[in-house]
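*Asks:* Below are the chains, spelled out letter by letter.
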Amino acid sequence: MADNQTSTPDKPITYSDGRATRLFDHFKREWQIYLMLLPTIVWFLVFLYKPMYGLQIAFKDYSIFRGVAGSPWVGWEHFQTLFTNDQFLRAVSNTIKISALNLLFGFPAPIILALLFNEVLNATYKRTAQTIVYLPHFISSVIIAGIVITAFSPTAGIVNTFISWLGFDPVYFLTQPQWFRPIFVGTGIWQEAGFGSIVFLAAIAGVNPSLYESAVVDGANRWQMMWKITIPSILPTILIMLIIRIGNVMEVSFELVILLYQPSTYETADVVNTWVYRQGLQSGQYDLAAAAGLFNAVVAFVLVMTANTISRRYSRTSLW
Amino acid sequence: MSGVNLSGIVKAYGAVQVVHGIDLEVAEKEFVVLVGPSGCGKSTTLRMVAGLEEITAGELTIDDRRMNRVAPKDRDVAMVFQNYALYPHLNVADNMAFGLRIRKMPKDEIKTTIDDVAEILGLTPYLDRRPADLSGGQRQRVAMGRAIVRHPKVFLFDEPLSNLDAKLRTQMRAEIKRLHNRLGVTSIYVTHDQVEAMTLADRIVVMNDGNIEQVGTPMELFNDPANVFVAGFLGSPPMNQIKGVLTATGAQIEGTEIKLSGAVNDNVGRDVIVGIRPEHVTLEAGEDTTALPIALDLVEPLGSEALLHARSGDDNLVFKADTNGDIAHLSGVKEVHVPSHLVKLFDAETGRALNLGA
Amino acid sequence: MMKWNLYSRGDKFFAIVVSILIGMFTVATLYPFIYIAAVSFSSGFAAQAGKVVITPIDATMEAYGFILKDPQFWISYRNTFIYTIGGTIMSMLFIIPGAYALSRPQLKGRRFFNLFIAFTMWFNAGLIPFFLNMRDLNLLDSMFGIILAFAVNAFNIILLRNFFEAIPQSFEEAARMDGANDFQVLWKVFVPLSKPAIATITLFCIVSRWNGFFWAMVLLQSEEKIPLQVFLRHTIATLSDDDEFAIVQTAAGFSAETVTAAIIVCSIVPVLIVYPFIQKYFEKGILLGGVKE
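Protein sequences, first through last, are from chains A, B and C. Heads up, the final residue of the first sequence is numbered 360 in the numbering used here, and it's a clean run with no missing numbers. Heads up, the final residue of the second sequence is numbered 371 in the numbering used here, and it's a clean run with no missing numbers. Heads up, the final residue of the third sequence is numbered 319 in the numbering used here, and it's a clean run with no missing numbers.
One should not assume that every hint holds.
Claimed, not checked - Once the Cα atoms are required to be at most 27 Å apart in a straight line, the calculated DSS-like pairs of lysine-lysine come out as: (1) Lys306(C) to Lys214(C); (2) Lys124(B) to Lys214(C); (3) Lys90(A) to Lys251(C); (4) Lys86(B) to Lys214(C); (5) Lys166(A) to Lys38(C).
Said to hold, decoys possible - Just a few of them, taken from the derived set where beta-carbon distance is under 7 Å, the chain A residues facing chain B: (6) Thr54; (7) Tyr55; (8) Ser56; (9) Asp65; (10) Arg69.
To be clear, the hints were calculated from the coordinates, so they are not data collected in a lab. From the three backbone atoms N, C-alpha and C, an ideal C-beta is built for every residue, glycine too.
Assemble the whole structure, with the sequences as input and the hints as a guide.
*Replies:* In structure tokens form, the structure reads like this:
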């Protein structure tokens, strides 16, 4: 027993119990966690994976009566139709344009807001302001749209009331294509900038306070500290959030688009998902619409995967 | 036999073996401490006894019943965790009652059990408090109380004192010992602290690298370490280890021949490690001692004793000396005297203890 | 933070400018709500003429009277409660045990199952296959269909799984040695320890159910099943297109604008009541969802 055997090589292991016994034991002991997992797995199969199987209608001449499996294959026909369809191509281009505007104006807004919040001294004032600016996130898009429609109404809306005070003619904001994107992006900022600032505020809260203290000792003012300490410290968070946003370029919140657009603004407002909605659910062209949806999903998937790879390289933590 | 019996216990994660087949018999009512540096496999061994880790190979029996495939709850063991694992949402009484309720013990019986154990541990005034409102020592007691109420056959302790500060640790150490004397339950205790091991154990098991280095009573291990690892692990400061060669009359280390009490016999010329405990040397020459010249670096007073940090050749050595209330006389020390019969010898190659002339 | 009187003059100026900017943004956020509330209490004529700015003009409750008399308003309000409560309970029944199982290291195939669930965050079959699937499952125009089909999402499961994984292993081990099985470990230890995370997820579920519109609009045909948001949308859409309504009803003291505003107020009020209670949770909650395999 007193042998010093630190350098003895490992002997091959003879297991006390056979593999089958150990597996049987495992399930006998742990069956409950498999039972707990089962409903969730079944749910995912039925509601999310089965539709993926149904995606094959993008390559089929789908008829309701024949069903998904029974409809005949047509190959890439729907995709050929799509890429010669001006409306669809317009929807793709609108999706990208709206996302780009969102990125340009919507992305910096919460960062700026977080930096400003960080400089507010009065705790009560800060708390109250935060409570208010987070609120719109929790309001449904129907209500948001209702507010926008009321506020921008040509005769009754407050916006046109202001415009008439300034001596101009009322503007038909919601029926004119050139106004759709500014209103849509502006609404998005109004609704999400406050809530989006939480992530950045948390990042700021994680900055080591002694950095600020040593900066104070070195004679830095608040403005300099913001630029020299706060912003560089939260840069990784900013980059990760930026990458996520780029990965989600195909995800325009189409619910709000449906609620705000009308035929006269399709030209600038129609995005891929609203087009899919009209073609598929309203006009019954399921196969063509599914093809468009598949195109959207594949592009989104590639973007998200690319974004994750980049972020993994950058931050050494992947996004999931 | 009753008690806990480990034979050829192996733990492997895939191809990586972390416990290499250990044999250990823990007698009934015995207090056994597994001690070793972190990563030596002591906690894994304890967790295999608890049933929290699967045993890869070997046999574990408790009271002669094979336990390899028995669920933790059916092994009749209770465990005190390093972080106590007290449920923050339950008060002290409910924390202790948790296991009893799960086992469907009648309510009034639970109450009397809890009250008794709280009394033993001095927790009666705190039964309504949440863990967050307790001090570290009180939490530690609750964790033990939770184990005690179950009246298990075996207590398992996984570094239960390492989250306490030094003073509390000493206090709780004594309390654990008293509890064991009172309850007499077989206990296996894991720690990396050799002082805890020495003070608590009936028998100490020194582990290193997934193997047992030595098993024995604290004094056996202190007096007769089986190898250089045990010699260096137990004792504070640890045993000085100096390279040397055996001669006909002793052990030749750089510049000095240390006299030995036993006969060297046919071992002359063998490479050895000479072990000298810091507290074994004297400042005055005595009967049968060797004078070891040293270059004194530093004197660290501890109160009644002082540590002498010194160099002899290439070796850094530490010795203990009495201060008698003053350290001024220690700054001039030029040599220490090594009593022959207390010198330990180890084989330089294997590190194992050498017994000469026995 | 430093004391105000330690600030230099430049820093004081900076702090004041910041406070003003924050104040402007806050007012801009709040103003539309105040405006809508003002419209809802104004007379139809005043609203139509665009006279309402911040306070009600010719204050009246006529618009509310019109809505509260509409039985469909009460039906859809009741339905929204059913969808919100039923849907949230259904979500918890899936999410809590599912997240627990996925957080257990002993679960065989854990990596696979985690990927199986996370994959749905990155790839989605889209509107059409989902709709056709609902039709095949006979869940069109079904209240139960709405409750079940939107019960789970990958994000919430992963959020709770992350929280469960952060609970020290020894809590589970201690409970196991005390004789608890997995259901007991989950219910008596993990759920009480995870109240903040579960509250956050409950909150997310409640909000998304309360606000859910698109699929309710697509999947539900019967008026007696539609939730408030769909009713609201119908009302806004029909009122603003209905010229006859404009002429007839404005004489009665309300208009399309004031009625729309009144419905908006009615459906926001519950959110405003709950909002202060939930605020402390969501700030932590969205950070929990973070970034981890």
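*Asks:* Checking each numbered hint in turn, tell me which of them this model violates, lowest number first.
*Replies:* Of the numbered hints given earlier, the structure breaks none, since each of them holds.
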